[in-house]
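Student: Listed below are the residues making up each chain.
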Amino acid sequence: MTDVLTLDGVSAGYGPFHALFDVSLAVAPGEAVALLGANGVGKTTVARVASGLVAPERGQVRVEGADLTGAAPHRFVRAGVAHATEGRSVFASLNVEENLRLSFRRALGARGVAGALDQAFEQFPALARRRAQLAGDLSGGEQRMLSMARVLVEAPKLLIADELSLGLAPIIVDEIYAQLERLRAEGTALLIVEQHVSHALALCDRVLLLEHGTIIWEGPPADAADRVVARIFEHGEAG
Amino acid sequence: MVLAASFVEDLVRGTLQGLPPGAVYGLIAIGFVLAYKTSGVFNLAFGAQAYVSAALYFQARNEWGWSNLAAFVLAVVVVAPAIGLVLERLIFRHLPPGSSLAKLVIAIGLSVALPNLFELIVGFEPVAGRTPEGLLPNGAGVFYDPLGLYSFSRDELTALVVAVLGAAALAALFRFTAIGLQMRAVVESPRMTELNGIRADRVSAFSWALSSFFAGLAGVLIAPRFNTLSAPDFFNLVVVAIAAAAIGKLVSLPRALAGGLGLGVAIAIIDTFLPRIVERQQWLEPIQENVTPAVPFIVLFALVTLWPELRSSKEQTDPLAGVDPPPPTPAALTRSPWLTRITIVFAVCFFLVAGLVVFLRADASWLFVVTQAVILSTIYLSITVLTGFAGQISLCQGAFAAIGGFTVFQLADRFGMSVLVGAVVGACIAAAVSALLALPLVRLGRVWVAIATLAFAAFFDAVVVKLPFVGGGGTSLLQGTRVPRPVIGPWDLADDKAFLVLAVLVFAVAAYVVSAVKTGTVGRTLAALRGSEVASRSIGISPTRARVTAFAISGFLAGLGGAMLSIQQKNVNYASNFAPFAALFWLVLVVSLGARTVEGAAYAGASFSLMDRIIFQGTFIGWILRSEDRIPGVFPLSPKWRFVLFGLTTIAFAKHPEGLVENGKRNAHVRMAKLSARRDAHREPSADDAVPGEAVA
Amino acid sequence: MTAVLEARGVTKTFAGITALSSVSLEVQPGERVGLIGPNGAGKTTFFNCLLGVLAPDRGTVLLEGDDVSDLPVHVRSRRGIGRTFQRIELFGESTVREHLLIAERVRRGDGSLWRDLLGRGRPRADELEACDEVLELLGLARLADEPIEHLSLGQGRLVEVGRALMTRPKLLLLDEPSSGLDRRETADLAATLRTVQDEQGFAILLVEHDVELVSSFTERSYVLDFGSLIAEGPTHEVLASAAVREAYLGPEVDAP
Chain H
1 MTDVLTLDGV SAGYGPFHAL FDVSLAVAPG EAVALLGANG VGKTTVARVA SGLVAPERGQ
61 VRVEGADLTG AAPHRFVRAG VAHATEGRSV FASLNVEENL RLSFRRALGA RGVAGALDQA
121 FEQFPALARR RAQLAGDLSG GEQRMLSMAR VLVEAPKLLI ADELSLGLAP IIVDEIYAQL
181 ERLRAEGTAL LIVEQHVSHA LALCDRVLLL EHGTIIWEGP PADAADRVVA RIFEHGEAG
Chain W
1 MVLAASFVED LVRGTLQGLP PGAVYGLIAI GFVLAYKTSG VFNLAFGAQA YVSAALYFQA
61 RNEWGWSNLA AFVLAVVVVA PAIGLVLERL IFRHLPPGSS LAKLVIAIGL SVALPNLFEL
121 IVGFEPVAGR TPEGLLPNGA GVFYDPLGLY SFSRDELTAL VVAVLGAAAL AALFRFTAIG
181 LQMRAVVESP RMTELNGIRA DRVSAFSWAL SSFFAGLAGV LIAPRFNTLS APDFFNLVVV
241 AIAAAAIGKL VSLPRALAGG LGLGVAIAII DTFLPRIVER QQWLEPIQEN VTPAVPFIVL
301 FALVTLWPEL RSSKEQTDPL AGVDPPPPTP AALTRSPWLT RITIVFAVCF FLVAGLVVFL
361 RADASWLFVV TQAVILSTIY LSITVLTGFA GQISLCQGAF AAIGGFTVFQ LADRFGMSVL
421 VGAVVGACIA AAVSALLALP LVRLGRVWVA IATLAFAAFF DAVVVKLPFV GGGGTSLLQG
481 TRVPRPVIGP WDLADDKAFL VLAVLVFAVA AYVVSAVKTG TVGRTLAALR GSEVASRSIG
541 ISPTRARVTA FAISGFLAGL GGAMLSIQQK NVNYASNFAP FAALFWLVLV VSLGARTVEG
601 AAYAGASFSL MDRIIFQGTF IGWILRSEDR IPGVFPLSPK WRFVLFGLTT IAFAKHPEGL
661 VENGKRNAHV RMAKLSARRD AHREPSADDA VPGEAVA
Chain U
1 MTAVLEARGV TKTFAGITAL SSVSLEVQPG ERVGLIGPNG AGKTTFFNCL LGVLAPDRGT
61 VLLEGDDVSD LPVHVRSRRG IGRTFQRIEL FGESTVREHL LIAERVRRGD GSLWRDLLGR
121 GRPRADELEA CDEVLELLGL ARLADEPIEH LSLGQGRLVE VGRALMTRPK LLLLDEPSSG
181 LDRRETADLA ATLRTVQDEQ GFAILLVEHD VELVSSFTER SYVLDFGSLI AEGPTHEVLA
241 SAAVREAYLG PEVDAP
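Those sequence lines, one after another, are chains H, W and U. Okay, so the first sequence: first residue is 1 according to this note's numbering, each after it adds one. Okay, so the second sequence: first residue is 1 according to this note's numbering, each after it adds one. Okay, so the third sequence: first residue is 1 according to this note's numbering, each after it adds one.
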C-alpha cells in the first residue's frame, strides 16, 4: 500500500536559516506517528513541509505517491492533507460560522455547507453558542476546537496536528485528543507534533525523535517515553 | 414659529446640498476601503486609477466619438480591472505580507507614474475648460427637485444612486458569497486560506480587479464635478475620501459611505449657517471661508492621532508569517574606507568641473536649471534626515518648504526685511511647525505617520495657504507672491551666477549639517530606532525626543530650501513648487535614488531639474554623437517619462530601501571584491576563506 | 538588603483571559534567578510587565525599592534594567561596535544636536575604549567591525548582551537566550555570562524553557504555569517537583 505521506531526504529552512537536514519519513494510511523533540529542533518545519507551506530546498515530498514537491498548499489539501497549524489557526477577522463556511464550501460545494455546519455545531456545542462571534475573540481552547471542527466533517487522509495542546487546560487537551482518536478510527492517518508527550505517546503507533533538524531515533512509543524524558530533562545520551 | 420653520428648511436644504459631494467622497471611500480590506494596501494610487478611467472615458467619447456605453465598457469594465490585475501580478503579489510601508511607498510611486504613463500612451492632454461629461446623456442639464428645496442634476443623482447601490452590493458580496468570504480570508492570511484548499493567488487577483473596477467606476462618475480632468485633483479627493473611510474604521463599507455623505452634509450645513453666525460675531470673519475646506483634513488628522482603535483595527497579523524567510538583509556595509574616499574625491572633482563649465559657459536657462537642481537638493536633504535616517515617511515636506518661501515673502513684503534673514527665520518657523506636528505622531506606526502628514499637507494646501498672513490672501492673487533677490555688500545676487554661488554655499552648509547629524549622536540614535524600537528603548533611548528632533531638522532644511527656491524664482509659486501632489514626487525621487546619503539627495535634485534638459531632449546623445542632427528621431522625449521612470522605481523599495545609488555602489563593490578574490585565489589557494558565522540552525 | 527587583502581585488579563494572576517575585543583588514554564505559561507577558512594555492591571514593580510601575520602558532601562530578546533585536546595517557605542553614548547622556553640529558627535576615544573592554570580555573583539548581518545567531545574542552591559545594568533580563541555539552554543553563552557576571556583579533573571540551561545556570527558580506561580525555591528542588514535571510533560508520564 502506498504511504499517504513520504518525505525523502528533505532539507528545508527559511532563507539563510536552515531548520531541517536530510529528513526522511513516511506515514502509512491510518497510521498515527508522533514527532517529538524539544523546542526549536525543527518539528514545526517538518509539519510545514508536509503540508506545502514550506518548500524544501532539497529532497522530495510525496502524497500517496504523487510528487508534490514545491506545490502550493492548496494542492496538498486537495490531495487529502489537512494541517492544524501551531498557535492560532483560525481567521481572527471572520466569525466562527464564516471560518467553517470557508472550508466546507470548498470541500462540499454550496449545497453541503448547511448540513456540515449542523454537524459541526452538534459535535461542538460550545462553538454553536458562539457561532456569530469573531474567532479572534475565542479562547485558545475554543480556537483549537474550531480548527478541529473544520477538519472533522470531511475526514482527511492525513491530519498534521502541530502543538494542539499548547497552552490549554488539561481537560481541553483530553477533549481534543478524544477527537483525534475518533478521526483515527475513521481511517485518517495522523502526524502529531508535540512538546507535551504523554497524550501523543498514548495515541501513536510510532515515534520519531527530532533533534537539531535531524531524526535521531525512531521506534515504538513504549520505548520512547524514557528517551524523551531524558532528552528534555536530563539531556542524557539517547539512541 | 416662522423662524423655526425657516431653520428646518435651511437645515434640510443644506443636507440635500451636501449629498452630491458626499456621494463622491463616499464612492471613493468605498473603493479605498475595498482595496484596503481585500489587499491590505493603503492604496494612495486609487485616485490615479480613477483618473485613468475618467480620462480614458473622456478621450474615447469626445475624441474618438464612441458611444457612452462603449466608452464606459472600455474605460471601466475592461481597462480598470486590467490595471488592477497587472499591478497585482507584477508588483503586489511579490511583496511579503506585512510590508505595509513598502506597499505605501509603491502606491505613492504609482500615483505619480500611472497618470503620466496613461497620458503618454493614449496621447491625452488635460485641456482647461473642457468639462468631462457623465454616463447618462445630458447629465449636467437635467434636474430633479423632489422637495422644492434643491435641484439635483442627473449626474449627481447617478453618483448618489451608484454609491448607495455599490456599498450595498459590496457589503452583500462580503457577507453572503463564497468569494467575498475568501477575499476577507486571504487578506488576513494567504497561507491559511491555502490550507483551506483555496487558491489564494486567484482570490487576490480577483480582489485587485474588483477594487480597480470600482476605482474606474468612481472616476467616471465623479469626473463631471471638475472643470478639467487633472490627476492632482483626483489625488486630493482621495485624501478627503480617506477621512470618510477612517470614519468607517477603514473596514466597514456602509460606514465609509455614511462617512462620505456625513462629511458632505456637514460641510454644506456649516456653509449654510456659518455666515449667519459671522454676521453677529465679526471676529470670526477671517476664518469663515477656510473652515469648510479644512473639515475633512482635520477629521482625518484627529482620527489618526486620537483614535487608537482605528490604527489597531486592521493589525490582524498573519499567524503563518513565520513561514516566510526573513527579509534579505542588505548586502552589508563592508565597503572599504578607501573606496568611499575614492567615490568622494571623484564626486567632488566631477562637480567642480561641471560647476566650472556651467559657471563659464552656460546661458541663462542652463543656469536656471542648475541652480534649481542645487536648491532642490537642499530640500531633498530634509527627506534624507526624516525618511533615510529616521525611517519615517512624511508627505508634507512641500508644506514645510512653502512655510520657508512664504515667510521670506511676508517679511520682505511687509517689513522690507532682507530675504536672507527671512530665509533663516522661515527655516526656523518650519522647524518649529514640524516639531509640533511630530509630537502627536511619534507613537504612531509608519504608515499612519504618512497618512497624518498627508492630512496636514492637504490642510495646509486648502486652508493655511489662503490666509492673508501666509499666502497673502486676495492681494497676492493679483500681484503674485513676489520675492526680491538679496544684495550682500558689493554682490548683487540678482545676477544668476552670483546666486548660483549662494545656492551652492547653502547646499554645502545643509550637507554638512546632514552628515554631522548622521555620524553624531542624533543620527546614530535614529539608526538604532529604525533598526529596532524595542531594543532602542531597552538601552534608554527615548523615541519621542529622537523623532521630534528629526522632524525639526527636516523642517528646518525644507524651509531653508523652500525659501531659496522662492528667492531664485523671485516668486513663491506655491502651486507649481510646493503643492502636495508636486511634493509627492520629491519623496518618490529621493526614495528611489537613495534616502540615506547626501549624494542621493544631490542625484535626486539633479534628476528633477536636469534630466529633462540633458537626456529627454536628446542633448546628451547629441554631445556623444557630436552633432545635433544625428540625434535619433525618438528625441525629444516627453518630460512625463521622468515621472513614469521614478514612479515605477519605487517598486524596488521593498527590496532596496536604501535606494538605487547605494544599491548600485554596493553591487559594484561586491563584484570588485569577487574579482580581486578570484585573482588572489589564482595566486594561492587559501584555506582561510571561511565567511564569518553563516547562520546555522 | 534591598532587592534589585521586586514584583508584587502582578496581574494581567487579555480580553477576559487571565494571562497572569498575582505573580510576585524578587531578585537580590548579584543573584541568578530563573523563571521557567512551558510555552504559553505567561512568561513573556510577565517579562513585559517588568519592563514596562505592558501595563499590568494590578500589582507593582520595584527597582531597588523604588516603585517604577508608572515609568516608561526607556526610563526603567536608564534606572538599571538591561535586557536581551528572544527573537533577536539588533540594529540593521550597523557594525557590532556601533551597537555598543550608541548604548554607551545614551548612558552618558551627553550627546545632543548642538554637539553633533559642532562636529563633536563622533565616537570619542574613551567611549571606544569602554566598548572594546566589553567586546573583549565577551570574546567579540575579533568581530567588532563586522556588519551585524554577518553574525551567527549565537554571536548576535552576545552582541545583545554587550549592548545591554554598556548601560551598566543592575539587573540583566535574559529572554529565552537559548532559543535557536544548539546545545554547545547555549553552553558557551552560559559560560560567558557567568564570567562577565563575576566581573561586574549584576543580577540576572533568566526566562527560559530550556530546563538544562536553567538548572546549570541559576541558583533559584520560579515556575509559571497558566499564569500562576506553581513553584519557587532552589532550582534543583523545583525541577524535581512533580508539579513541574507535570506542567512540562503532561500528567500521565511516570518520571524515570
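In short, the hints are calculated from the structure, not lab data. Virtual Cβ for every residue (Gly too), placed ideally from N, Cα, C. Treat the hints with caution; some may be incorrect.
Stated by the list, open to error - Reference listing, derived: stretches of chain W covered by chain U, where coverage requires no fewer than 3 residues with Cβ under 8 Å from a Cβ of chain U: (1) 497-510; (2) 522-534.
Stated by the list, open to error - Partial chain W-side listing against chain U, Cβ under 7 Å, derived: (3) 85; (4) 89; (5) 432; (6) 538; (7) 615; (8) 618; (9) 619; (10) 621.
Stated by the list, open to error - From the derived model, a few chain U residues whose C-beta atoms are all more than 12 Å from chain H: (11) 141; (12) 153; (13) 191; (14) 246.
Student: For every hint, state whether the structure bears it out.
Tutor: Here's how the hints hold up against the structure:
no.: 1; hint: 497-510; result: violated (count 0)
no.: 2; hint: 522-534; result: holds (count 10)
no.: 3; hint: 85; result: 34 Å, violated
no.: 4; hint: 89; result: 30 Å, violated
no.: 5; hint: 432; result: 14 Å, violated
no.: 6; hint: 538; result: 5 Å, holds
no.: 7; hint: 615; result: 32 Å, violated
no.: 8; hint: 618; result: 39 Å, violated
no.: 9; hint: 619; result: 38 Å, violated
no.: 10; hint: 621; result: 38 Å, violated
no.: 11; hint: 141; result: 25 Å, holds
no.: 12; hint: 153; result: 8 Å, violated
no.: 13; hint: 191; result: 16 Å, holds
no.: 14; hint: 246; result: 9 Å, violated
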